[in-house]
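Given the coordinates of chain D, work out where chain Z should sit on it, guided by the hints.
Here's the letter readout for the chains.
There are 2 protein chains.
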Amino acid sequence: MRSPHLLDIKSEKSLRNLFKDVGHFDAVVNTIGVCEYAYFTEMTEEQWITTNSSKMMGQINIVCIGQEYIADTGSFTLITGILNIKPIPFAIADATTSGAIDTFVQCVAHEMPRGIRVNSINPTVLEEAWDVYGEMMPGFQPVPGSLVGKAFERSIDGFITGQVIYVDA
Amino acid sequence: MRSPHLLDIKSEKSLRNLFKDVGHFDAVVNTIGVCEYAYFTEMTEEQWITTNSSKMMGQINIVCIGQEYIADTGSFTLITGILNIKPIPFAIADATTSGAIDTFVQCVAHEMPRGIRVNSINPTVLEEAWDVYGEMMPGFQPVPGSLVGKAFERSIDGFITGQVIYVDA
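Protein chains in written order, with the numbering used here: chain D, 803 to 971; chain Z, 803 to 971.
Bear in mind the hints are in silico, worked out from the structure with no lab data behind them. Nothing here was measured: the structure is a model prediction, and the numbers come from that model. Some clues are possibly wrong.
The list treats identical chains as interchangeable, and a pair is accepted whether it falls inside one copy or across any two copies.
[Stated by the list, open to error] Once the Cα atoms are required to be at most 16 Å apart in a straight line, the calculated EDC-like pairs of lysine to aspartate or glutamate come out as: (1) 815 - 848; (2) 952 - 937; (3) 952 - 970; (4) 888 - 913; (5) 815 - 847; (6) 822 - 810; (7) 888 - 970; (8) 815 - 870.
Chain D on its own, in the form it takes in the complex:
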């Protein structure tokens, strides 16, 4: 079993080091992306930049740099989240960057070389995270993480590309 790698998706160098260290790989799954939460009228430019550089540009970097290293017909699966479809207070930066990444995968899939695929998973809140997020998400029905796992599996082991896979209840 390989040892874990520490990675900063905001750093081209860190991404290149990871992909070189790993060697041959057929799929990349990303489930991270830092978001700042605030009322829009109180959100600072710094908070926007933090969110954009991680959840948006970090994920674009994964595909942009990763496509140089991944095996033919390999796949990238990125993470967004349902708040671009079902907006709530405090989540404007999360929603905006989710919209950016959902758009990105739908458009960039057409120009990926060597049969490489790109999809995003757009889940609602997880049952396992309901204790943390439930209070700010009234009327949302959480789904089990295992169901979101199925969506990743469908992206990785299927042949679809350029798709946003919603996991909502």
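The following block gives chain Z in isolation, referenced to the frame of chain D:
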């Protein structure tokens, strides 16, 4: 008639100066946003940052700072573009930031204070710009700029908010 103001939408200071200089205003229309065009696999991080800071964060800044100054029930109308719906080569950064802004207006409208409205206009290529862009947009039907003007008018003088107004043929 007022004299023209020079503005850098990437600069909070420049935006504040404009809004203070203008005094009372009921509507802001933005039709600018710098985009870099390249194949995704050849696009540099610098080109992404240029596009994100202008077309995406520049427009978010207009609303974020402008909402402090605009009159009650005033409106903001931002610009995106059809390439997030009809992708073409070279336009991944344009498409991604259009997706971000179309999402932004749909979500942020819910939390605007004092009845302030926010919409985006998402046009196809203009007849007036066909000489420049036509070659890279095979199969697109250009529309006259006057029709896009109608969409801005509908955003400004109507009561809609949180809407993406498509102008396509």
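**OP:** Determine which of the earlier numbered hints do not hold for this structure and return their numbers in increasing order.
**Re:** The structure conflicts with hint 2 only, although it agrees with all the remaining ones.
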